[in-house]
Amino acid sequence: MRIESETVAEKPVRKLPHRRSDRYRALLRGKNRPVWEEDPNPLGLVVKGVALLLIVLTVLFPLYTVVLTSLSTQADVVRSGGLVIVPGGLSLSAYTQILSGGIVTRATIVSIGITVVGTVLSTTVSVLAAYGLSRPGSFAHRPLLFLFLITMFFGAGMIPTYLLVSNLGLIDSYWSLILPGAVSAFNVLILRAFFMGVDRSITDAARIDGAGDWRILGQIVLPMSKAVVAVVALFYGVGYWNAFFNAMLYINDNAKWPLQLVLRSYVLQGVTLPGSGVGQVDIDDGAVTGLPVKMAVMVLAIIPILVVYPMVQRHFTKGVIFGAIKG
Amino acid sequence: MSVASSTASTEDTTGAPDAGGTAAGMASTPPPPSAPGAGGVPRRKIPWTTRMRRDRSLLIMVAPAVLLLAVFAYVPMAGNVVAWQDYSPYVGIRNSPFIGWANFERVFTNPLFLDAVANTLVITAFQLVFFFPVPIVLALLLNSVLTPGLRTTIQSIVYLPHFFSWVIVVTIFQQIFGGAGVLASRMRDAGYTGFDLMTNPDTFLLLITAQSVWKDAGWGIIIFLAALATVDPQLYEASVVDGAGRWRRMWHVTLPAMRPVIILLLILRLGDSLTVGFEQLILQRGAVGVDVAEVLDTFVYYQGVVNGDWAFAAAAGLVKGLVSLALVLGANKLAHLVGEAGVYQRA
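Chains A and B, in that order, are what the protein sequence lines are.
The end of the first sequence is residue 327 by the working numbering, with every number in the run present.
The end of the second sequence is residue 347 by the working numbering, with every number in the run present.
By construction, these hints were calculated from the structure, which means they are not laboratory data.
The beta carbon of each residue, even a glycine, is placed where N, CA and C say it ideally should be.
Among the hints, a few may not be true.
[To be verified] Taking beta-carbon pairs under 7 Å as the criterion, some of the chain B residues facing chain A (in silico):
id : residue
1  : Phe-104
2  : Glu-279
3  : Gln-280
[To be verified] Heads up, incomplete: computed chain B residues facing chain A, CB under 8 Å, no partners named:
id : residue
4  : Met-52
5  : Ile-154
6  : Val-158
7  : Val-231
8  : Leu-235
9  : Glu-237
Please put together the full structure from these sequences, using the hints given.
And the structure:
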């Protein structure tokens, strides 16, 4: 030992130019880096961090300015020449204006109604169908499944669907916004794939104990599949809430318009909102007409999504991947 | 519980009429000599009436969905007969005269239809190059974020715009890049001439692709991330031992793990070539003009619902639907040929 250390002392080791202290290395590597992975390049980390920050800002910044504008006054809008980026005086007047009756209030109620009824109906029907198709070897499950699959590959087309809805007398009826797209074969397949994954021995045990299919679905399969049912319900719900084209097709009476269609006409296309002085005509050929009000309508259309989204979001991967791979 | 295997079940349904009225008693009778599965344990053949009764609650559960599909998917499919008619809404489908292929001839000789086809294909091709790879790159980037909390947060944020409606997305773009938008007015304040991306046909492709990326690229990574999560870490470890650096590992381990999903999505996209952001485009067709924004779906809408040329529009829609079907099936066949799983498995 002694001799070795002497030899080392005689021939000093060439010091590495970039020898890093252990603490610096630990900081650079972070806690979660696997042992086999090399130290990250500091420059690379910075570039990556900046890229991610830019991506996140690209998503969040528009939302920020839309919300801020909706809370600003018309004077702020004129000052900033459009969307407000630096907060001036905050006010809720835009919201009180659109929520004190009138077309936006009504459209919001219509949208909520359609979304709630549609989501409940679609989810119920889909869960039932998925369970009904989930037992291997059950009567006629193959042809029935095929019936669902075909609709994923070949759509009937807009014109015949419109003619049907109109022949059924559903024009200007809220059912025209719910029934034609009530069942999505894709969602049924997502659910079915999940239900088929439920351990057979559990359901068989229940069956031996005398439980029928309704009971097995309600008390065993559903409680075990809450996550995927929540995801499918979210898909349906967002679909109903965001839909505007079917209303463009089927709803002629603009007193019955859902929120998205109101948004399209009065916000995107700049048609003046009738009544209650909401759409004061302004300078610049109406370019900045009541922008806070318009953005308030936008926020109104975004809020439900922002509320429901965090609750369901963590289940996404499960639901989507299952459907995509097994479907 | 089901005794019948899948092969037996298909035979049961085809051989149904013989079983007729002899109901429950049949279940306990010994199998006929020709029963399938003769080797090993003889499988009892259950008559279809018995199986129907046994599975009646399942059938009742499927019924509402089947009913809805029958009325709102299959009846309209049959309703495509108007494409062969001189259809008039006042006369109805039943009484409108059949005129053979005249509507289809009109479709294929209509310059507007051909323009719409061209626009659709151009948009599809452009987005295939400039949209499709974005989620892949994003997924790789996000996959390299190792802190779980940070990663989940970023994921939640980039998924979010997928859940906004097209009206919201287009309005946001309008307020930022439009003629009265915040960028243009800032530029005017600074003494430059303003611009309006929303009404400029030359940049329209870029605009709609940017919108699509903003809305859906984040959501697109979800399936790639899931594929990446299934990679066995030992593969990375082994490749490190073999001397592979960061980029080699990505090329030889990460990307091959993503390949099936990439091919799957590519197939789906190719199959959907004729469908490009209908809601997105119909919102902007008025502002930017028919020349660049008219695609097949908007063409069908305007010719049929707006102009009232129902049979002509139905013919155009039917052509689109059938070609799309062929594209999906063709793309899937192609996937099988190159040894990938494809959209659906061959049973």
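Checklist entry - For which of the previously enumerated hints does the structure constitute a violation, in increasing order of number? => result Numbers 1, 3, 7 and 8, in rising order.
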